[in-house]
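Enquirer: Okay, here's what each chain looks like letter by letter:
There are 2 protein chains.
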Amino acid sequence: MHKITGGVTAPKGFLAGGIHCGVRANQTKKDLAIIYSQKNCAAAAVYTQNKVFGAPITVTKNNLANGMAQALVCNSGNANTCNADGIEKAEAMCVLTANALGLAPEDILVASTGVIGQILPLEPIEKGIRELSPLLTATGGEDAARAIMTTDTKKKEEAYEISIGGKIVTIGAMAKGSGMIHPNMATMLGFLTTDCAITTPMLQKALKLAVDDTFNMVSVDGDTSTNDMVSIMANAMAENPIIDQDGSDFDAFASVVKEICTSMSKQIAGDGEGATKLIECNVTGAPSIPLAKSIAKTIITSSLTKTAMFGADANWGRVLCAIGYTEGDFSVDGIYVDMASAKGKIVVCENGAGVPFDEDTAKNILLEEEVQINVNLNQGNGTATAWGCDLTYDYVKINGDYRT
Amino acid sequence: MHKITGGVTAPKGFLAGGIHCGVRANQTKKDLAIIYSQKNCAAAAVYTQNKVFGAPITVTKNNLANGMAQALVCNSGNANTCNADGIEKAEAMCVLTANALGLAPEDILVASTGVIGQILPLEPIEKGIRELSPLLTATGGEDAARAIMTTDTKKKEEAYEISIGGKIVTIGAMAKGSGMIHPNMATMLGFLTTDCAITTPMLQKALKLAVDDTFNMVSVDGDTSTNDMVSIMANAMAENPIIDQDGSDFDAFASVVKEICTSMSKQIAGDGEGATKLIECNVTGAPSIPLAKSIAKTIITSSLTKTAMFGADANWGRVLCAIGYTEGDFSVDGIYVDMASAKGKIVVCENGAGVPFDEDTAKNILLEEEVQINVNLNQGNGTATAWGCDLTYDYVKINGDYRT
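For the record, the sequence lines run as chains A and B.
Residue numbering for the first sequence is 110 to 513, as defined by our numbering.
Residue numbering for the second sequence is 110 to 513, as defined by our numbering.
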């Protein structure tokens, strides 16, 4: 597999675009995105496990019941969640998009992101869908990626090519997510497109496998959003032999889905609200993979670890503390911890106790924009990686008065 | 029951004191406290459930095996945790204190709070115990309360009187805790003293009952410390008929223990690292008490709710979001939420959907130093209260470079 330029419009037959329609007050910020496939797609999605979930989640689940979709519409600026008329509005978004693109409403995936509990104004969306639909292009992926951003500072998109059954298969993705990020099943918004020929069940399987180890291992602030969703649409235009069972073709496809989800996840964590750095936590030697995952996520979620990383302070006691309050049955006696970055590595803890290290060297290592916290529990073969970011003044600033 | 002035030295027969001995570099900060009872005490304690726990926890548990104690020694500035020689040092603190006070080492409770993973220097503590022991007085409670502070900005102490069996029984307390606070079983440091005559089992029962609903319902940052401990010593000098079983005397005693623990808990939450306000979350109408507790704690732990409170922003969608990701089986359809303070009350959500409210009124209410978030799930009789604080720039500042 190799990376190519572009995002959701990189695969054959996908058009997209993004504009400002007026849900957001700031006219310089795009707030409406549409992705359209020239052919009907096998489609799959995973969703937030929050008991309070957005109306678009309900509507997308309904529309995906047949495993097919042909377009996706998404607004930013309003989550359409906890509103009495939410379902009605989300369904209206599908009808409007379907009409504008000559599709059936059941072919539309719908998503919303932004403030919870404010009535979604349909007028700007109606006007926006009408304006945007004729403007979708095969180079519009970047505009779409920008239109789904909220407090994100960077657009997040990527594309890969891989050879399957003698054909070049392309997969593209865009994502958004910066705060309220601590996914449980799915996470934030991630929209993948591919021209791969694959059945819906195998597509769902590939997506689930990837999301469990990528989007679900990201935490910015421990808050699981109400509107998380990752979807994938596959239009078969690569003309590879259809993937309808396990085997080397599926493995190849699943690996590229995982690769693109990993990249999106790291981009989301590194662009966490107010973040100055990406923190990657690698846990090895755990009694099981689920425990390794729990420990890795607990570490990158710890406010004290996060603030220490902001201060480039190798305060490893906070890492030990976070490990210790992770639920589950494991021993803390043999724990090894090091911290690393492009500038080098320092071992800070062995056999559960501190190891002397040079503070200046540590600071130099932790001042990098991407740092690793590596933990070995020395009691099994379970491994996991989680991604997070530091907790900074700007996180507080961004969230102290988000609505106004 | 009624509140009186003072803290741990308010009950008969308790002497205490606090000095700067040199564990902390800053000479203006006291770092060593001793509490001493003129008579041997029934004693009980609850401890952190973190798998990584401080050496003082181990030693105190051992010394409390017989249910008796007569003195407590506590240093701040160093947690004596994750050190290869931790147990040895904690035992040495008991021996030194016992020698200075003419007691047996098993009569000493020991606690440490501060940085994890740095070797505890015994020399200043040895010198400090020698200096402090002859200086303990019946008015030394305040100095002791100051000596256990770390990032706390206010000393936390309180005392109550209650009549039991025709005798005035007094109970005093001091506590510390500001960051790394999200107790699981016990929490932070809380030291209670009383002249009540009560058996160790009934004392343990009263403490456990109180802690479950008070200290364990506080969260500052979601991080459960390695050194949390709440202890109580009862020296029987009030000469009430000994409480050795359930009944009205026990109920009276338990109620005053709970009252003083509630007060300590609110003081700790309100003095959370960087906090500008105390947040009290009251949950009613839950299917069960454990679920009500989980929901209340999830809300006050949510970074997004905490930053919204810092901004005096009635962003109730974040409260709903936090409720929704609380684990457990409950419905979110009938949720009611209001926010209140001394300035009034606004209803923000009914039947799971938003209710229009005046933003200026809301801001005015939330600018107070003590605010309530009141949630009614409308599906049962479970109730709970949790206490937390807002997440501010200063939390980040305090923790971004705590060690240097």
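No wet-lab data here; the hints were simulated from the structure.
Worth double-checking, as some hints may not be accurate.
Where chains are identical, the list cannot tell them apart; a pair therefore holds if satisfied intra-copy or between any two copies.
Said to hold, decoys possible - With a cut-off of at most 20 Å between alpha-carbon atoms, the simulated SDA-like pairs for lysine to any residue come out as follows:
| id | residue 1 | residue 2 |
| --- | --- | --- |
| 1 | K112 | G489 |
| 2 | K317 | V204 |
| 3 | K160 | Q488 |
| 4 | K506 | T385 |
| 5 | K276 | E348 |
Enquirer: Run every hint past the structure and note whether it holds.
Expert: Cross-check of the supplied hints:
When the C-alpha separation of K112 and G489 is checked against a cutoff of 20 Å, the pair qualifies neither within a copy, at 34 Å, nor between copies, at 54 Å. Taking the closest pair of Cα atoms, K317 and V204 never come within 20 Å of each other, the shortest separation being 28 Å inside a single copy and 58 Å across copies. For the identical chains of this complex, K160 and Q488 are inter-copy neighbours only, at 15 Å across copies versus 36 Å inside a copy, given an alpha-carbon limit of 20 Å. Proximity of K506 and T385 under a CA criterion of 20 Å is satisfied in both settings, with 14 Å inside one chain copy and 14 Å between copies.
Taking the closest pair of Cα atoms, K276 and E348 come within 20 Å of each other only inside a single copy of the chain (7 Å); across copies the shortest separation is 90 Å, beyond that limit.
Of the numbered hints listed earlier, those contradicted by the structure are 1 and 2.
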